[in-house]
Amino acid sequence: MARPISFKREFLMRGSSFHPTQAQELAAAFAARRVDYMFIGKSGAILLGYPSTTQDVDVYPRKDEENGRRIVAALKDLGFTVDAQLAQEIIRGKDFVQIKSGPFDIDLVFAPDGIESYDAAKSRMDTTTGFPVLNIRDIIASKRAARRAKDAVELPLLEAFREVYEKRRS
Amino acid sequence: MKNEAEVIHHADGRAESGEAAADLLGRSPLDNEALAPAARRDWLEDFKSQCERNLARGVEERMRYGFCYVYKPVLDDADWRSFASTSEYRRWCRDNLPVYLGYGAPDQLQARILDEGQ
Chain A
14 MARPISFKRE FLMRGSSFHP TQAQELAAAF AARRVDYMFI GKSGAILLGY PSTTQDVDVY
74 PRKDEENGRR IVAALKDLGF TVDAQLAQEI IRGKDFVQIK SGPFDIDLVF APDGIESYDA
134 AKSRMDTTTG FPVLNIRDII ASKRAARRAK DAVELPLLEA FREVYEKRRS
Chain B
413 MKNEAEVIHH ADGRAESGEA AADLLGRSPL DNEALAPAAR RDWLEDFKSQ CERNLARGVE
473 ERMRYGFCYV YKPVLDDADW RSFASTSEYR RWCRDNLPVY LGYGAPDQLQ ARILDEGQ
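Residue numbers (the numbering used here), protein chains in the order written: chain A, 14 to 183; chain B, 413 to 530.
In case anyone wonders, no lab produced these hints; they're calculated from the structure.
If you want the footprint, here are the derived chain A segments under chain B, 3+ residues with CB under 8 Å:
(1) 66-77
(2) 107-115
(3) 141-147
(4) 161-171
(5) 174-180
Computed list of lysine to any residue pairs in SDA-like fashion (alpha-carbon distance at most 25 Å, straight line):
(6) B:LYS484 to A:LEU170
(7) B:LYS460 to A:VAL177
(8) A:LYS180 to B:LYS460
(9) A:LYS76 to A:PHE93
(10) B:LYS484 to A:ALA158
(11) A:LYS135 to B:SER499
Even glycine gets a Cβ: it sits at the ideal position worked out from N, Cα and C.
Using the sequences and the accompanying hints, generate a full structural model.
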């Protein structure tokens, strides 16, 4: 059974501290700590120009302990509460870590669906926005591989966006 | 499937039904198998125009319009959670989240859409 929504959680933490430049703040903190990562998922597509909305930032970090320690430091810089257990999970590189204890929600996806390797994906990375973003084709491949009901709504739109995006860039 | 039950009544007395009503209700024509191919193309062209407009915006503006918080039951009710594998996470979503959030397995039509273009 779902737990009741706490007043603090829904209204104080989210309402007052949320603002829309979260990707920018995250990028600055990750750059300062030299985190090796890319934006992925819908948040990555939105940075590229996909006209839609999301509430969390999805990040695909390189899976190694040193990078994990850098992520922990960067998240603390951003104001996330990172207890010892969470820090360990990040440093160990659990495949999927979802964090909601900070100014915005972040998913650390160390092993996204449909992506064969970090290095291969990074070689196709899109940096045209100034942010490290997974290539739009990889974002689509990953969503397709996730096979969730909500992705069936998103995929035709993402494909249409990709057509426009690539045509504009060619 | 026809949307005959959906009727939009305008202030001037006009009424719209079927596909026109579905469009007015904001339903994605991509969800409607019965939609005429021409209408489907029109809808996609509209979306592509929207893409063009958004691409003309700066990244900061895209962020301003693209990131917004909407409470998601269960999913948002823990400070953090971790999973040994992405498939374990998908399974957790299927088993624990309300179906309407869309994290569950696709139905037949959704599966077909996901398989298109592979």
